[in-house]
Amino acid sequence: MIRLNNLHSDETCLNALLQGYCRENNFKKNALEILCCMLRKGASISISGYRALISQMCADQTYEKALNLSNIFPSKNRPSDVICKNILIFNLFHMRSESLVERVLTEMQQKGIDHDKVTCDFLLYGYHKCGNMAKSIDAFDGCISKGFDPSNRSIRIVMSYFCTRGNLDNALELLNLTKINKWKCGSLIVITLGLSLISSDRCLEAAHICDEAPENLHFDPLMRHFCMKGEIKTAISLVNKMLKRGNVPSEITYSGVIYLLCHCREIDAALAFLTEMELRQLMPNKKSCETLIGALCDIGKLHDARLLLDRMVGVGMKPSYEIYNLVLKKYQEVKDMEMAAEITREMQKAGYKPKFEMQWSIISELCSSADKSGRGGKPILSRVLSSGGMAQLKKLKG
Numbered sequence: 001m002i003r004l005n006n007l008h009s010d011e012t013c014l015n016a017l018l019q020g021y022c023r024e025n026n027f028k029k030n031a032l033e034i035l036c037c038m039l040r041k042g043a044s045i046s047i048s049g050y051r052a053l054i055s056q057m058c059a060d061q062t063y064e065k066a067l068n069l070s071n072i073f074p075s076k077n078r079p080s081d082v083i084c085k086n087i088l089i090f091n092l093f094h095m096r097s098e099s100l101v102e103r104v105l106t107e108m109q110q111k112g113i114d115h116d117k118v119t120c121d122f123l124l125y126g127y128h129k130c131g132n133m134a135k136s137i138d139a140f141d142g143c144i145s146k147g148f149d150p151s152n153r154s155i156r157i158v159m160s161y162f163c164t165r166g167n168l169d170n171a172l173e174l175l176n177l178t179k180i181n182k183w184k185c186g187s188l189i190v191i192t193l194g195l196s197l198i199s200s201d202r203c204l205e206a207a208h209i210c211d212e213a214p215e216n217l218h219f220d221p222l223m224r225h226f227c228m229k230g231e232i233k234t235a236i237s238l239v240n241k242m243l244k245r246g247n248v249p250s251e252i253t254y255s256g257v258i259y260l261l262c263h264c265r266e267i268d269a270a271l272a273f274l275t276e277m278e279l280r281q282l283m284p285n286k287k288s289c290e291t292l293i294g295a296l297c298d299i300g301k302l303h304d305a306r307l308l309l310d311r312m313v314g315v316g317m318k319p320s321y322e323i324y325n326l327v328l329k330k331y332q333e334v335k336d337m338e339m340a341a342e343i344t345r346e347m348q349k350a351g352y353k354p355k356f357e358m359q360w361s362i363i364s365e366l367c368s369s370a371d372k373s374g375r376g377g378k379p380i381l382s383r384v385l386s387s388g389g390m391a392q393l394k395k396l397k398g
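Taking this note's numbering, the leading residue of the sequence shown gets 1, the next gets one more, and so forth.
FYI, nobody ran anything at the bench for these hints, they're computed from the structure.
For every residue, glycine included, the Cβ atom is placed at its ideal position computed from N, Cα and C.
Please note that the accuracy of each hint is not assured.
[Claimed, not checked] Derived lysine to any residue pairs resembling SDA-like cross-links, with alpha carbons at most 20 Å apart:
| # | residue 1 | residue 2 |
| --- | --- | --- |
| 1 | K111 | L67 |
| 2 | K241 | P221 |
| 3 | K233 | L271 |
| 4 | K318 | Q281 |
| 5 | K41 | R78 |
| 6 | K318 | L302 |
| 7 | K329 | I363 |
| 8 | K301 | H263 |
| 9 | K117 | L105 |
| 10 | K135 | R165 |
| 11 | K135 | D149 |
| 12 | K135 | T106 |
| 13 | K135 | E98 |
| 14 | K287 | C264 |
| 15 | K229 | D201 |
[Stated by the list, open to error] Here are the in silico distance ranges between beta carbons for each label pair:
| # | residue 1 | residue 2 | range |
| --- | --- | --- | --- |
| 16 | S250 | I47 | 39 to 45 Å |
| 17 | V315 | N132 | 47 to 53 Å |
| 18 | H303 | D211 | 37 to 43 Å |
| 19 | E278 | S364 | 33 to 39 Å |
| 20 | G316 | M95 | 50 to 56 Å |
| 21 | Y321 | E251 | 22 to 28 Å |
| 22 | N170 | T12 | 46 to 52 Å |
| 23 | V82 | S250 | 43 to 49 Å |
| 24 | E278 | W360 | 33 to 39 Å |
| 25 | T275 | K353 | 32 to 38 Å |
Given these sequences and hints, build the entire structure.
This is how it looks when you write it as structure tokens:
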């Protein structure tokens with residue numbers, strides 16, 4: 001058993017022991033002994049010690065002890081009334097004891113203990129966790145009416161509630177209040193509202209709140225949703241806004257913009273974004289790459305399509321059979337059989353089997369060209385078939 005004789009006057013040590021025993025769930029034996037010693041000697045309990053005791057009592061579900069703890073200490077030997085009640089409210093909410101919180105609030109009202117900012121935040125968050133958003137909103141209104149600035153978490157909870165319920169006008173009004181009163185407003189709050197506005201086809205309002213968003217806000221989630229809605233100009237505007245602020249969009253955002261630009265037939269703009277990504281050592285996803293390759297083939301920019309195809313392979317991204325086949329067909333259409341032969345070899349290296357008719361057509365054209373020019377050079381079959389294809393051919397001959 002511990003010796004307390006030499007610790008009677010050392011409040012710091014007694015409070016430290018009290019916290020330690022509570023953390024070890026050792027209230028009934030050692031922590032209780034420390035508490036009794038402090039009461040006998042008139043020692044003061046610290047905020048940390050009081051918090052540890054309340055937490056342990058609530059965990060043990062000895063709620064009456066927790067409710068009466070502040071009464072057994074003289075007011076000069078414990079934290080202030082409002083701090084004691086705040087600690088109690090927090091822990092009771094943690095145990096989902098909403099009815100006991102009501103008892104605490106009634107006692108505070110009877111004793112004239114005013115709520116402070118922490119009380120308001122704890123009430124809002126606690127009612128929210130208990131699923132009572134009506135009282136959570138009341139706590140938020142009470143916080144504002146008392147002249148307190150609500151915390152970022154409180155604003156986020158209320159904003160999320162409005163957006164989930166579809167009360168977007170209320171959500172916009174709340175965002176406006178944060179600007180007028182200069183409350184701390186995290187980026188998640190703006191993004192939550194922006195996404196809800198976009199989903200409700202209120203894209204202009206979503207774009208407007210982005211114009212007034214915090215400097216450090218990343219628009220990635222919003223840009224992706226603007227892209228899905230076909231709001232390409234807005235998405236590009238946000239990309240440019242982020243770049244001006246020194247925030248580099250993610251590969252996902254760039255990919256979404258490139259994909260949408262291709263579908264809008266803005267191929268030059270898509271290429272510009274691709275070049276920008278290359279400068280930042282970023283790479284679009286496979287879907288966007290292949291969409292851009294297809295679009296480039298459609299407008300006859302085979303050289304650019306081939307470069308992007310090579311880059312995909314270079315970063316370990318395997319192009320689909322369909323995209324290889326598309327590029328191959330385009331080279332055949334423009335009678336560039338040398339490039340068609342290269343694509344055929346690359347397809348085989350990637351594990352694909354080009355159609356026999358295509359290979360035969362390429363071989364025939366190359367043979368015809370060789371006859372007309374009268375020049376020799378590298379054997380034609382080796383220019384069309386990969387090393388694996390040549391090996392299979394030798395087996396067939398054998």
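In ascending order, which of the hints set out earlier in this document are inconsistent with the structure? Going through the list in order, the structure violates no hint and respects every one.
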